[in-house]
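*Asks:* The task is simple: from the sequences and hints, build the whole structure.
In the UniProt record's numbering, the protein residues as written are 1 to 81.
Since the hints were made in silico from the structure, they are not lab data.
Ideal Cβ placement from N, Cα and C applies to all residues, glycine included.
Possibly wrong hints are sitting among the right ones.
The calculated SDA-like cross-link candidates involving lysine to any residue, where the alpha carbons are at most 25 Å apart (straight line), are [stated by the list, open to error]:
| id | residue 1 | residue 2 |
| --- | --- | --- |
| 1 | Lys32 | Gly43 |
| 2 | Lys32 | Lys57 |
| 3 | Lys32 | Leu11 |
| 4 | Lys46 | Gln36 |
| 5 | Lys32 | Glu55 |
| 6 | Lys32 | Ile14 |
| 7 | Lys32 | Ile17 |
| 8 | Lys32 | Lys46 |
| 9 | Lys53 | Ala38 |
| 10 | Lys49 | Ala38 |
| 11 | Lys32 | Met45 |
| 12 | Lys46 | Ser58 |
| 13 | Lys57 | Met45 |
| 14 | Lys32 | Glu44 |
| 15 | Lys49 | Leu34 |
| 16 | Lys53 | Gly43 |
Estimated spans, in silico, between C-beta atoms of each pair [claimed, not checked]:
| id | residue 1 | residue 2 | range |
| --- | --- | --- | --- |
| 17 | Gly43 | Leu15 | 26 to 32 Å |
| 18 | Lys49 | Leu11 | 32 to 38 Å |
| 19 | Gly52 | Arg26 | 35 to 41 Å |
| 20 | Leu30 | Pro8 | 21 to 27 Å |
| 21 | Glu44 | Leu11 | 38 to 44 Å |
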Amino acid sequence: MPLGNAGPWQLLLILVIVLLIFGAARLPALAKSLGQSARVFRGEMKQMKDDGKTESKSADDEAGAGSTSAEPRTGSPESKP
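*Replies:* What follows is the structure, encoded as structure tokens:
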């Protein structure tokens with residue numbers, strides 16, 4: 001049963017059950033905590049999206065610089081005795 005199809009009586013019943021379980025005094029604290037959690041989640045998602053853009057941009061820069069360079073890479077390969 002999706003919540004979108006719930007009528008006013010079903011929503012009222014859900015509200016009464018929530019009030020009985022948590023109590024009226026704790027509801028503002030729960031709402032505040034839920035809002036803070038949502039804010040942190042959105043911030044983390046934005047940070048991950050920004051990190052992904054900077055990583056792909058730096059990878060593109062490195063790939064572009066490596067493909068345009070005519071000089072071979074100098075570095076000692078790892079050798080196993």
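*Asks:* None of the hints should be skipped; say for each whether it holds.
*Replies:* Results of checking the hints against the structure:
| no. | hint | in the structure |
| --- | --- | --- |
| 1 | Lys32 - Gly43 | holds (17 Å) |
| 2 | Lys32 - Lys57 | violated (38 Å) |
| 3 | Lys32 - Leu11 | holds (21 Å) |
| 4 | Lys46 - Gln36 | holds (15 Å) |
| 5 | Lys32 - Glu55 | violated (34 Å) |
| 6 | Lys32 - Ile14 | holds (20 Å) |
| 7 | Lys32 - Ile17 | holds (20 Å) |
| 8 | Lys32 - Lys46 | holds (21 Å) |
| 9 | Lys53 - Ala38 | holds (23 Å) |
| 10 | Lys49 - Ala38 | holds (16 Å) |
| 11 | Lys32 - Met45 | holds (20 Å) |
| 12 | Lys46 - Ser58 | holds (18 Å) |
| 13 | Lys57 - Met45 | holds (18 Å) |
| 14 | Lys32 - Glu44 | holds (18 Å) |
| 15 | Lys49 - Leu34 | holds (23 Å) |
| 16 | Lys53 - Gly43 | holds (15 Å) |
| 17 | Gly43 - Leu15: 26 to 32 Å | holds (30 Å) |
| 18 | Lys49 - Leu11: 32 to 38 Å | holds (34 Å) |
| 19 | Gly52 - Arg26: 35 to 41 Å | holds (38 Å) |
| 20 | Leu30 - Pro8: 21 to 27 Å | holds (23 Å) |
| 21 | Glu44 - Leu11: 38 to 44 Å | violated (31 Å) |
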